[in-house]
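K.L.:
Single-letter residue listing:
Protein chains: 2
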Amino acid sequence: IDYYPKLVELFPTLLSVIQGFQFVDFENEIKHSISIDEVNVRPPYIPEKNIISVGKNYRDHAIEMDENRDEKAVPKDPVIFSKSPTSIIANGETVDPHEAITSELDYEGELAVIIGKQGVNFSEEEALDYVFGYTILNDISARDLQKRHKQFFRAKSLDTFGPMGPVLVTKDEVTQPDNLSIRTYVNGEMRQDGNTKDMIFNVPHLLSLLSTGMTLYPGDIVTTGTPSGVGKGYQPPKFLKKGDNVRVEIEGIGALENPIGEQ
Amino acid sequence: IDYYPKLVELFPTLLSVIQGFQFVDFENEIKHSISIDEVNVRPPYIPEKNIISVGKNYRDHAIEMDENRDEKAVPKDPVIFSKSPTSIIANGETVDPHEAITSELDYEGELAVIIGKQGVNFSEEEALDYVFGYTILNDISARDLQKRHKQFFRAKSLDTFGPMGPVLVTKDEVTQPDNLSIRTYVNGEMRQDGNTKDMIFNVPHLLSLLSTGMTLYPGDIVTTGTPSGVGKGYQPPKFLKKGDNVRVEIEGIGALENPIGEQ
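The listed protein sequences correspond, in order, to chains A and B.
Residues 2 to 264 in the working numbering are what the first sequence lists, from first letter to last.
Residues 2 to 264 in the working numbering are what the second sequence lists, from first letter to last.
It is possible that some hints are incorrect.
For chains that are exact copies, the list does not tell them apart, and a pair is met inside one copy or across any two.
Once the Cα atoms are required to be at most 27 Å apart in a straight line, the calculated DSSO-like pairs of lysine-lysine come out as [stated by the list, open to error]:
#1 K239 to K172
#2 K198 to K151
#3 K73 to K118
#4 K50 to K148
Derived from the structure by calculation, the hints contain no laboratory data.
In this text the structure is predicted, and so the values were computed from the model without any measurement.
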């Protein structure tokens, strides 16, 4: 615990760690520990700029989102949009259902990639060099607003629509980002049961493409799309309502769990 | 000039002015002046987060962008997307044509609204209370990427795709934001000749809608769409090429001029 002042001096925020891309070895020096249950864990950090999101990046999800369940709905190029960083909340915090403006509240469990190094025009082979680590993002979406405004930004950017965390796992601990189980549960019922190996466009491809002509910066977040099994995909749809609990689990990262309800 | 240290101490950046929303009266105290030609004017500021953009907000532009020039292309609700703040460049700086990835480079002259006060769920009547001021933004767009990725984010967020400025005019000097002439010239040829009164959704409506469920923060930028006359609207299209010069003029704000060429 004596090292806390030094740590804070070196890294006032997690974003400063990501931007600095350096590590301090406290091995054999950490004497004090507390239980996770004794603290409120904040989101890993709030990015300064973009959450860049890729839509319809799992084949079965692209089809379930189509009115006619048509195979032609599978995109030939990534569908790229953004989500406001102001939507981010922590593990355990409450998602506002915004009942006054949406009646089609939905979840999307997603692997989120955190950029660690500034880069532009890098190849797929180089892409993972620019990654700092991984976390979980629940890309909460108002399906009616998504349809009404054509472009996705507003439907995915309402306050509290970006549960993120609970932790950020550095890339050295995620050796196979393209082979991770990803599951979403609503009130304990498994709704999504996918694997990142089923992405249409994998992480290196997405990062290389995004970096083409557009500089990526430390702290940028790239969310990589969601497997099938969102509420809108069910017939009839299973949208979220007040009192529900959504839990997203990704292998090697952890579980992100948030209640739905008025704040 | 003696007041410079004091000014910098009070306001290290323009963003700090906007966030502080206060003014210092230097009347009768400014003794030193230099010509605008002697300095490089930077963009008014770089926002920390979103540039929120509204697409197809002028009727004639909505129709010109439609393959069949169909009236049904006029949106019933605003098309809301975002543009990366990393795309911003200053008046006079060069727009990279990104020829390796686009052959359909286009301009869009737009009135940009700068938010000055944090707010959520405010009415149209209250909306202008949340405005700090206005500037010009040329929403450079790669039409082929816009089509390929379905959502607009990437096509409008490539490096240098956000010329902004030359100045930010505080709202007290723009008494009628809904009645301003807006014109775009390419190499001296007038391409766009519109007026903000022809917006489908006016500034108070857009700000009130955007604030519904999503908190707006000081420094956020809302771009309000472009009149007809973009390059894609001509038959055959008049896309931008290396060596071109684009000038956007908005009444009461000024002129934003940028060359197209390799950086």
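K.L.:
Between K50 and K148, at a C-alpha cutoff of 27 Å, which is it: within one copy, between copies, both, or neither?
P.N.:
both (25 Å within a copy, 24 Å between copies)
K.L.:
Which holds for K239 with K172 at a C-alpha limit of 27 Å: within a copy, between copies, both or neither?
P.N.:
Neither: 34 Å inside a chain and 46 Å across chains, both beyond 27 Å.
K.L.:
From the Cα coordinates, with 27 Å as the cut-off, is the pair K198 and K151 best called within, between, both, or neither?
P.N.:
Close across copies (24 Å), not inside one copy (29 Å); limit 27 Å.
K.L.:
Is it within, between, both or neither when you check K73 against K118 at 27 Å Cα-Cα?
P.N.:
neither (36 Å within a copy, 45 Å between copies)
In the structure shown, a violation is registered for the earlier hints numbered 1, 3, in ascending order.
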